[in-house]
Structures are given as C-alpha cells and as structure tokens.
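Asker: The lines below spell out each chain.
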Amino acid sequence: MSSNIVAILYLISALLFIFALRGLSHPESSRMGNIFGIIGMIIAVFTTLMFKSVLSYYEIGAAILIGGAIGSFIALRIEMTALPQLVAAFHSLVGLAAVFVAAAAFYDPVAFSIGKVGSIKTASLVEMSIGTFIGAITFSGSVLAFGKLQGTISGKPIVFKFQHFINASIFLLIILLIVLFVVNQSPTIFWTIVIVSIILGFLVVIPIGGADMPVVVSMLNSYSGWAACGIGFTLSNNLLIITGALVGASGAILSYIMSKGMNRSIINVVLGGFGGEQDTSASKDNSDKIVKQGNAEDAAYIMKNADSVIIVPGYGMAVAQAQHALREMGDILKKEGIEVRYAIHPVAGRMPGHMNVLLAEANVPYEEVLELDEINHDFPMTEVSFVIGANDVTNPAAKTDESSPIFGMPILDVEKSQSVLFVKRSMATGYSGVDNDLFYRDNTTMLFGDAKKMCEDIVKSLSS
Amino acid sequence: MEAHSSEVFVIGLTVFFLACIIGYYVVWSVTPALHSPLMGVTNAISSVIIVGAILAAGPQGFDTSKIFGLIGVVLASVNIFGGFLVTYRMLSMFKKKTKKTKEKE
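So the sequences go chain by chain: E and W. The first sequence begins at 1 in the numbering used here and counts up one residue at a time. The second sequence begins at 1 in the numbering used here and counts up one residue at a time.
Just so you know, these hints were derived from the structure itself, not from any lab. Any given hint could turn out to be false.
To be verified - Pairs of lysine-lysine, DSSO-like flavour, derived with a Cα cap of 30 Å:
id: 1; chain 1: W; residue 1: K95; chain 2: E; residue 2: K52
id: 2; chain 1: W; residue 1: K95; chain 2: E; residue 2: K334
id: 3; chain 1: E; residue 1: K292; chain 2: E; residue 2: K335
id: 4; chain 1: W; residue 1: K95; chain 2: E; residue 2: K453
id: 5; chain 1: E; residue 1: K335; chain 2: E; residue 2: K460
id: 6; chain 1: E; residue 1: K52; chain 2: E; residue 2: K121
id: 7; chain 1: E; residue 1: K335; chain 2: E; residue 2: K452
id: 8; chain 1: E; residue 1: K292; chain 2: E; residue 2: K304
id: 9; chain 1: E; residue 1: K460; chain 2: E; residue 2: K334
id: 10; chain 1: E; residue 1: K416; chain 2: E; residue 2: K460
id: 11; chain 1: W; residue 1: K95; chain 2: E; residue 2: K121
id: 12; chain 1: E; residue 1: K292; chain 2: E; residue 2: K416
id: 13; chain 1: E; residue 1: K452; chain 2: W; residue 2: K95
id: 14; chain 1: E; residue 1: K304; chain 2: E; residue 2: K453
id: 15; chain 1: E; residue 1: K452; chain 2: E; residue 2: K289
Claimed, not checked - Pair by pair, the computed Cβ-Cβ distance ranges are:
id: 16; chain 1: E; residue 1: N443; chain 2: W; residue 2: T14; range: 57 to 65 Å
id: 17; chain 1: E; residue 1: L49; chain 2: W; residue 2: D63; range: 13 to 21 Å
id: 18; chain 1: W; residue 1: Y25; chain 2: E; residue 2: S169; range: 49 to 57 Å
id: 19; chain 1: W; residue 1: S6; chain 2: E; residue 2: V117; range: 20 to 28 Å
Note that CB positions come from ideal geometry on N, CA and C, so glycine has one too.
Using the sequences and the hints, build the whole thing.
Answerer: In structure tokens form, the structure reads like this:
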C-alpha cells in the first residue's frame, strides 16, 4: 500500500474516533458512537497489518486473541460498582503498552524508520523517552489507584516529610536521565528512566485519598492519552497523535470538572493529603446535640405522604450495592403518584458519572436523573430529600462555615427541602472528616443501617 | 513512512494542537451522565497504540524488539476489547431502562 493510502485510512480511523466521542453527547446517539469507535479501531489495525514490513500474522493474531479474550472476559464479568477499579487497571495497561512500544522502537529503530541502533535520530530519542516516562508513570500510578479503589491498599492518603521535594527531585533526575539517554543511547539509561518513572508514578498517587479518586482516575486517563501522543511523535504517526490528544484533552477536562465539584484546584488535589486527619474539634462541638433517629417504617410513612421526593445517592450506595433496592423503592413511590427524581453531585462516587451508570444499571430512566445545576433550585419545593450513602456533598457548612475544609464546594441544597432522610451506617464523618450539621436539624431523620437493607425494609413497609 | 525530519515534527505538532482543540470542544459536549462511558471509550481508543506494537512485532524471526511488540499487542488488545465491551455494557443500560419502565407504567 502506498503511504498516501495508509495516511488516508488512518485519517478515517481518527475521524471515527472523534465521532465516537461526539456520540456521547446524548444517550441515544452514544451506542452508534461506540460502534464508530470499534470500526475506527478495526481500520487502524488492518491498515497496519497491510504494511510490507508486517509479516508475522500468526504471532500478532495470537497476541490479539489472547489479549482480546482476557479483555472480553473481564469486561463481561465486572460488576458495575467495580468500574472505577477496572478503568484504573485498563489505564495501567495503556501505560505499560506505551513503554513496550517505546522499548521496541529503541531496540529496532529500523522497523520504525527512525534510524539505526546506536544512531537513532535525536528528535525520536526525545519523543521516545517522553512517551516512556509518561507511560511508566501512568502504569504505576494506575496500579496504585487500582489498589486504593479495590481496597487492597488503604484509601487513606499517605503523607510523609519532604514528599513534594522528593517528587520534584525525582522529576529533575528523570529530565537529566533523558538528556543522558539522548546523548549516549544506552539501554541501561533507558531502563533506568522506566524504573525511576515507575517509582515517581507511585509517589504521585500515594498521598491522594480515596474520595479524590475521581480526579486521579481522570488524570491517569489524560496521561494515558499523552503517552499515546508521545509514541505517535516517535513514530510520526498522526493517528496516534490525534487519538492521544483527544484522550488527553478528555481526561484533563474531566479532572477539571471533578476538582471544580470539590472547589479545589487540580494542584491541590495532586499535592494530596486531603481528608487524612479527622477533625476532632468539630465533632466534639456536636457531641451534646440531639439526633432524631428513625426506622424504615417512619421513612416509608414520611415518603408516602409526600408529593415529591429527591433521592441523593453517593458512594455508600455503590458500596452497599443498593441501587436495585433503591429503584424498587422509587417505583413504588411513583405508583403512589409521588414525583421521584435523583440528584447527582459531580463528585459522587469514585469516578466521573459513576452514579449515573449504577442507576442506569438498576433501570432508572435517565430523564429522572439530574445534575446538580439542573435540580438544585428544586429542593425548596421538595418535601423529602432521601440521602443515601452521601454526606459531604450535602453539608451546608460548605456554604456558611469559612473555616471548614470543604468551604466553597458546591453542594446539593437538601437542607432546603421540608424533611431530610439520611441513610447512613453510623454517625461517622464523611471523607472530608467534617461533621455534618444537617444530622442535628429538626427536619432531619437519621436512618442507621446498611443502605441496601434499609431500602428493602422501606419497600416492605410501603407495600404492606 | 518517511525519514524523521524537522518538517515531519512540525506537521505532527500542527496535528497535535488541532486535535487538542477538537478534543476540547467534543468532550465539553459530552453529557455528564455519560462521563463513565466516556472514560471507557477513551480508554479503548487510546489503545490505538497497538499500531506501534504491531509494527514492532511485524518482522519475521525473533528478537527483543519483536517480543516487546507482541507484549504490547497483548496489552493493547486487552484494553481495546475490554474498553469497547464495558462501554457497550454501560451504554446498553442507558437504553433498556427507558423502555422497561415505560412498559411497566
């Protein structure tokens, strides 16, 4: 095939990827978008297989089959609540793949037309080492994020002295190593860059706490894109550059949206350490305040007599796998003629859009699921807010208490509804470590217990 | 593919910045409800890096570079199949619920 035909086929594939993202502007067009993405990928792979230099079809075919079987198996079996971990794991693979492609280009530059062993072009060396660096960071950062999300590693931020100084020094060391690598093209230095970058990836994610994971997962998404870009520049391949830039931009925007949802700068999140220490003084203040406690029957009674209910789900709902029981509860209320809607905070859950997927899984129509901006002004006209597994995102202290660590964070105004039902395991503080004043208000009823069990019990009392 | 000259690099840079701008506008148009599927899709398409892995695995015979290439192909394939499939699963949930609940009503 002539290089022009190759370029055109790659262009088609890049355009299909853009359409794949564009399709996600609406649930109805999104499935077509996904199909565009698949077609784009098939075109990209087959075009590459047509290259004259590509001859080992059996080995490549076998590799695709092995990888494809593993990927399909995991994707079909994964629980929707475990999506954040899965995405983190997948990011780590993109990072690792980037490292291997860069290594392959370094060991066999002829196959990529970037020079000969020992005399690779300088520009290619720079691009290659940057791709390797970002790829390796993406790899180890994602592995750690996976561990934190899966619960294998404590979700608590781990902070130690001189952390940022150490990270900055390692970064400078990597730049130095890249310069050395470009000058003498030594394999030892190449692998040193890989190892040091892997260490840096771990150190970058280690101080970041569990509930900041939506930002981290989005950031790693972005990195995996930039890694693909780096490799794209190494191979002078526009398809890789375009796709990498799309993914990089996507991850960057998601990180921005997520940190805005917490009223924190991306830098603040990246520096980490947030939510580690429990603010004991705040909880002491409230120790003598009275909490009104209720049970499932009370909740069923309150909601049955309401006209409108807004449900506010949070990570706790995902942990308890309560989405199906919750939807059942919503269905019964709707049959009673009560308006039921769902309010989603941008940072609810452990990845962007996590709650939406879980509610969709439980067959909640997406028209009933609204974003913060769309629904926040409706709380004053709402009789009951049903908060399940969320805490900080409803805390009015974010609006009033300047000394609060979450001050300025946009919150769902549940306190403006006539009554608030709070499903919680215990009185423990949320991830921010801040006590929620809402618990002690007269119009709040606390429903202590497992979120799923509570919903099931409410369903029982509603039906009886 | 041609030799790596500064011209090729500048073309790459042009493509890069234009793609960033396209990405910026396209991603802002994605509805927040579909941010999880967005991560799934971007994850799958970023594995287009498989193109580089195939080139490395292409030549006959066995050497270091080819082994790296094949590992790259396996890793990227996990992502391509996994990413598109998990996105498909997510998106089909956004479809079926509208119909089902309407039937129920």
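Asker: Given the hinted pair K95 (chain W) and K121 (chain E), is their Cα-Cα distance within 30 Å?
Answerer: The given pair, whose Cα atoms are some 51 Å apart, is violated under the 30 Å limit.
Asker: Is the straight-line distance between the alpha-carbon of K292 (chain E) and that of K335 (chain E) 30 Å or less?
Answerer: Since the Cα atoms of K292 (chain E) and K335 (chain E) sit roughly 29 Å apart, the hinted pair holds (cutoff 30 Å).
Asker: With the threshold set at 30 Å, check whether the alpha-carbon distance from K95 (chain W) to K52 (chain E) stays at or below it.
Answerer: Violated. K95 (chain W) to K52 (chain E) sits at ~43 Å, over the 30 Å cutoff.
Asker: Would you mind confirming whether the straight-line C-alpha gap from K416 (chain E) to K460 (chain E) stays at or under 30 Å?
Answerer: holds, 28 Å
Asker: Is 57 to 65 Å a correct range for the gap between the Cβ atoms of N443 (chain E) and T14 (chain W)?
Answerer: holds, 59 Å
Asker: Straight-line Cα separation of K52 (chain E) and K121 (chain E) no greater than 30 Å?
Answerer: With a Cα-Cα distance of about 23 Å, the restraint between K52 (chain E) and K121 (chain E) holds, given a limit of 30 Å.
Asker: Between the alpha carbons of K292 (chain E) and K416 (chain E), is the straight-line distance 30 Å or under?
Answerer: Cα-Cα ~18 Å, so holds.
Asker: With the threshold set at 30 Å, check whether the alpha-carbon distance from K335 (chain E) to K452 (chain E) stays at or below it.
Answerer: The hint holds at about 21 Å.
Asker: Are the Cα positions of K292 (chain E) and K304 (chain E) separated by 30 Å at most?
Answerer: With a Cα-Cα distance of about 19 Å, the restraint between K292 (chain E) and K304 (chain E) holds, given a limit of 30 Å.
Asker: For the pair supplied as a hint, K452 (chain E) and K289 (chain E), confirm whether the alpha-carbon distance does not exceed 30 Å.
Answerer: Holds. K452 (chain E) to K289 (chain E) sits at ~28 Å (cutoff 30 Å).
Asker: CB of S6 (chain W) to CB of V117 (chain E), is that within 20 to 28 Å?
Answerer: For V117 (chain E) against S6 (chain W), whose Cβ atoms are near 23 Å apart, the range 20 to 28 Å holds.
Asker: Would you check the hint for K460 (chain E) and K334 (chain E), treating anything up to 30 Å between C-alpha atoms as holding?
Answerer: Roughly 15 Å separates the two Cα atoms, so the pair holds.
In summary, the structure is inconsistent with hints 1, 11, 18 from the numbered list given earlier, while agreeing with the others.
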